[in-house]
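Participant: Residue numbers (the numbering used here), protein chains in the order written: chain A, 5 to 313; chain B, 456 to 775.
It should be emphasised that the hints constitute simulated quantities derived from the structure, not laboratory data.
Treat the hints with care, as some may be off.
What the hints assert, rightly or not - Among the chain B residues that face chain A by a calculated CB cut under 7 Å, a handful are:
hint: 1; residue: R542
hint: 2; residue: N544
hint: 3; residue: F607
What the hints assert, rightly or not - Coverage of chain A stretches by chain B, computed from C-beta distances (three or more under 8 Å per stretch; other residues unrestricted):
hint: 4; stretch: 59-70
hint: 5; stretch: 212-221
hint: 6; stretch: 224-235
hint: 7; stretch: 298-306
What the hints assert, rightly or not - Keeping only pairs whose Cα atoms sit at most 20 Å apart, straight-line, the calculated EDC-like set for lysine to aspartate or glutamate is:
hint: 8; chain 1: A; residue 1: K219; chain 2: B; residue 2: D565
hint: 9; chain 1: A; residue 1: K219; chain 2: B; residue 2: E588
hint: 10; chain 1: A; residue 1: K310; chain 2: B; residue 2: E608
Quick caveat: nothing in here was measured; it's all calculated off a predicted structure.
All C-beta atoms in this analysis are idealised placements derived from N, C-alpha and C, irrespective of residue type, glycine included.
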Amino acid sequence: MLNYTLRRLGIAIPTLFVIVTAAFFLMRAAPGGPFDAEADLEPEVLENIRAAYDLDKPLLTQYWLFLSRAVRGNFGPSLVYKDFTVTELIAIGLPVSITLGLLAKLVALLLGGLGGIIAALRQNSLLDHTLMGLAMTGIALPAFVSAPILALFFGLYLKLLPVAGWNDGALPNLVLPVVALALPQIAVIARLMRGGMLEVLRSNFVRTARSRGLKESTVVFRHVLPSALVPLVGYLGPALAGIMTGSLIVELIFNLPGVGRYFVQGALNRDYPLVMGVVIIYATFIILFNLLSDLAYAALDPRVRKSYR
Amino acid sequence: MTPVIECQQLNVRFRTDGGAVTAVSDLDFNLNAGECLGVVGESGSGKSQTFLAMFGLLAHNGTATGSIRYRGTELLNAPRSTLDGLRGNRLAMIFQDALSGLTPTMRIGDQMSEVLMRHQGLSRRNARARVIEALEVVRIADPEQRFSAYPFEMSGGMRQRVMIAMATLCRPEVLIADEPTTALDVTVQAQVLRLLNGLKNHTGTSLVLITHDLGVVAGLCDRVLIMYAGRAVELGPVRDIFRRPAHPYTQALLRSMPSLIIDPGKDLPVIPGQPPDLENLPAGCPFASRCLHTQDDCTTERPRLRAVGPDHSRACHLPA
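Between the sequences and the hints, there should be enough to build the whole structure, so can you do that?
Facilitator: Here it is in structure tokens:
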């Protein structure tokens with residue numbers, strides 16, 4: 005198990021290298037540059053600025069400079085958010101995005117998981133149809149619709165919660181963005197959970213467990229759930245990595261200082277260092293959470309555990 | 456003898472898209488203390504559904520009416536609490552497919568301990584000791600170590616023996632074995648049958664052996680219930696059934712058994728035709744269309760189970 009984890013982490017380094025290299029050259033291949041939006045710069049001034057950021061050097065030299073700095077955790081200054089280094093921008097934004105994303109995932113897992121289990125245990129009942137109808141609505145409702153409605157209703161109409169703002173992550177400020185982020189995920193998770201449960205509930209070993217007079221809660225939680233969670237784990241790995249990008253719209257609507265917007269703004273502004281910083285973080289998340297989900301498979305299923313040698 | 460299980464007028468039906476399917480109709484039988492009852496019939500004859508109904512384990516589109524009582528306690532449609540107090544404890548069942556009958560994500564020792572902790576309130580430690588004993592009884596080598604094994608780490612025969620050990624942990628009064636040897640190869644079948652036989656002789660457990668293997672019935676059972684299309688067609692002591700089968704279906708079944716003295720060049724006798732459609736049962740005897748000696752009332756009136764000898768009855772209109 006430990007060997008397997010270490011080996012997977014070992015493979016992560018070349019993977020990261022390939023992603024970073026591809027992102028570097030793709031960004032440079034895109035037309036335009038970081039200072040195109042600045043009004044009427046004298047050619048000499050522009051040259052000086054480009055030289056200050058090493059953009060006048062040959063591309064391969066720039067690549068080498070970037071790599072040698074990046075391994076030391078230095079991604080250089082942002083080209084657009086002046087006075088900030090990329091590391092600083094990420095250090096400020098990442099905790100916000102992670103807090104939001106993880107809280108939303110937690111809420112979604114608890115509610116969606118529970119909803120899915122209940123729907124499966126009462127298959128084809130009114131409760132099941134109601135829950136799955138709600139889930140379909142949740143999936144069909146995008147965050148840019150649900151977030152303003154939530155802000156309007158709870159913020160402006162009922163005046164229970166703040167309409168927007170971060171306020172250092174105070175609980176009332178967190179509620180609406182977390183709910184807006186969690187809604188579609190609750191729905192997806194509930195459907196995955198229900199499907200997984202139904203599949204397992206039909207197995208022979210569940211009937212055998214019931215034939216031994218076990219309590220229904222024992223049957224569901226000890227005998228059914230570990231196998232039923234497998235489809236959910238497959239979804240959660242990549243989905244957890246998405247806590248960075250997934251919150252973009254919600255961060256914009258509630259005016260939260262997360263990293264979601266850097267993805268879009270960095271790429272649109274050709275803010276090369278910022279894009280590289282964000283790509284590295286995102287790729288690391290993808291690799292890490294996929295590894296975690298594979299480890300979760302092993303925790304759930306002894307057969308998988310045995311194959312990880 | 457007092458019956459441990461009394462089954463009266465049992466009917467099991469399933470709602471399907473095509474209509475209602477009758478899996479068991481008007482079934483009456485008793486299971487006496489300490490006896491071994493063989494239940495024989497082809498696939499779809501209702502033999503498994505009868506006992507699944509008794510355990511409250513019918514598929515969700517199935518309903519059971521009538522009565523199955525264990526020492527006076529009604530089991531059919533009983534509340535979950537009543538059933539859970541009995542099944543796994545006083546009543547136990549071994550299923551056909553041991554390969555899929557054990558929870559794949561749990562250690563077999565934990566699955567077994569769970570039963571003792573549930574029904575006898577044992578601590579985890581005491582349960583473990585009893586489980587290891589039970590594994591020894593079914594001749595699992597190295598039971599201490601096997602306690603922590605997962606089902607996928609065991610062979611089919613070992614898993615079936617684990618299932619037997621698990622079913623008998625609480626020394627049940629009634630053990631239902633639903634085709635316990637079908638999924639196993641021949642040498643392992645013999646081991647499992649020896650085990651069941653020993654169990655019956657040493658613990659006084661009443662055993663129901665559901666099978667389509669008449670050889671197994673002859674070797675192990677005291678009485679036999681022959682089922683066809685959801686009905687009892689013949690019920691009697693194993694000697695009588697094999698020597699003087701009274702129902703044409705039983706006679707045909709015995710004729711089609713492979714035997715060592717049959718001429719190897721000859722084809723094995725078969726029963727021509729198909730069992731009736733359970734969605735659309737005929738008015739008369741369900742076996743009439745395949746029977747060699749039909750008379751007029753066979754297709755119009757349904758035969759009831761009637762005595763043809765001491766403790767021996769059949770459902771047939773033909774003169775005895």
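Participant: State for each hint whether it applies.
Facilitator: Consistency of the hints with the structure:
Interface restraint check for R542(B): the shortest CB-CB distance to chain A comes to about 4 Å, inside 7 Å, so the restraint holds. For N544(B), the suggested interface contact is upheld, since its CB lies about 6 Å from the closest CB of chain A, less than 7 Å. Interface hint at F607(B): satisfied, since its Cβ lies 5 Å from the closest Cβ of chain A, which is below the 7 Å cut-off. Coverage of the stretch 59-70 of chain A by chain B is violated [criterion: at least 3 residues with CB-CB distance below 8 Å; count 0].
Here's how the stretch 212-221 of chain A fares: 9 of its residues keep a CB closer than 8 Å to some CB of chain B, so the rule of at least three is met and the hint holds. Residue count for the stretch 224-235 of chain A with a Cβ under 8 Å from a Cβ of chain B: 4. That meets the three needed, and the coverage hint holds. Using a Cβ-Cβ cut-off of 8 Å, 3 residues of the stretch 298-306 of chain A lie near chain B, which meets the minimum of three, so the contact claim holds. Between K219(A) and D565(B) the CA atoms are separated by roughly 15 Å; this keeps the pair inside 20 Å, and the hint holds.
For a cut-off of 20 Å, the pair hint linking K219(A) to E588(B) is broken: about 25 Å separates their Cα positions. Distance check on the hinted pair: K310(A) and E608(B) sit about 10 Å apart at the alpha-carbon level, within 20 Å; holds.
Comparing the model with each earlier hint shows violations of hints 4 and 9; every other hint is respected.
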